[in-house]
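Start from the sequences and build out the full structure, keeping to the hints where you can.
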Amino acid sequence: SDSAQMLLANLRALMSLLFPNYDCSHLTPNDFQRCPDKYAVVSTVNQTLAEVVDRLHAGFLAEFWQVVQDAIDIAGCEIYAFRPAPGSFGPTDNSLTSFHFFLIDFHKEQILFMGSISKTKGRARAGGDSDSDLAPSADSMSSASSKGQASSDRSSNLQEGEYAFSDDSQGDHMMD
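Under the UniProt record's numbering, the sequence shown has 87 at position 87, and the numbering climbs by one with no breaks.
Be aware that one or more of the hints could be misleading.
Stated by the list, open to error - Label-pair restraints from in silico Cβ distances:
1) 22 <-> 50: 14 to 20 Å
2) 5 <-> 58: 42 to 48 Å
3) 116 <-> 8: 31 to 37 Å
4) 8 <-> 52: 28 to 34 Å
5) 53 <-> 14: 19 to 25 Å
6) 58 <-> 116: 17 to 23 Å
7) 14 <-> 86: 20 to 26 Å
8) 58 <-> 25: 39 to 45 Å
9) 57 <-> 88: 19 to 25 Å
10) 47 <-> 2: 16 to 22 Å
11) 86 <-> 51: 18 to 24 Å
Quick caveat, the hints were computed from the structure, so don't treat them as lab data.
Computed from a predicted model, the values in this text were never measured in an experiment.
Note that CB positions come from ideal geometry on N, CA and C, so glycine has one too.
Okay, structure coming up:
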């Protein structure tokens, strides 16, 4: 369909921006998988980031999910995972762990990318695969985390790394 072709073109274009050293024009719909279970996505992100980041920066996961929610309505979006065939995409080929999720709000025509690639210390020191020049600035993180204090009040009973999905139109709340 036209909408599926447009989505693929947008995902390819975004991947080309994120990974400028790799040819993303060969990506096909088979490289992207719809993720109907948002809880599984949150769990994957939490588990991966807790192992690497949250132990060094306590509270990172709570800040991270607040920034994501400020950027896009998680409950109202569709999530797609980038899952290339083994050996077909350089940045993930030699990684210990990786995830690449696209949160797509079709009504607002927004796409938010979340990704992480973990490599061994030796590979990182050697400069292996500096795949992306994109990184959040401290200013954007602090301004985004200072916004939305009211929304953090509703989830104040959650444990570290948990995220409450809420769709105000339905009035139900879900927790990871």
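Against the structure, the hints:
1. Checked against the hint of 14 to 20 Å, the pair residue 22 and residue 50 fails, with Cβ atoms roughly 28 Å apart.
2. For the hinted restraint 42 to 48 Å between residue 5 and residue 58, the CB-CB distance of approximately 44 Å keeps it satisfied.
3. Our hint of 31 to 37 Å for residue 116 and residue 8 is violated, since their Cβ atoms are close to 23 Å apart.
4. Taking the beta carbon of each, residue 8 and residue 52 are about 30 Å apart, inside 28 to 34 Å as hinted.
5. A beta carbon spacing of about 23 Å between residue 53 and residue 14 agrees with the range 19 to 25 Å that was offered as a hint.
6. Range check, residue 58 to residue 116: about 18 Å between beta-carbon atoms, so the 17 to 23 Å window is met.
7. Checked against the given bound of 20 to 26 Å, the beta carbons of residue 14 and residue 86, roughly 22 Å apart, stay inside it.
8. Distance hint for residue 58 and residue 25: a CB-CB separation of about 41 Å, consistent with the stated range 39 to 45 Å.
9. At roughly 33 Å, the beta-carbon separation of residue 57 and residue 88 lies outside the given 19 to 25 Å, and the hint is violated.
10. Between residue 47 and residue 2 the CB atoms are about 37 Å apart, so this pair departs from the stated range of 16 to 22 Å.
11. In this structure the hint that residue 86 and residue 51 lie 18 to 24 Å apart at CB holds, the actual value being about 22 Å.
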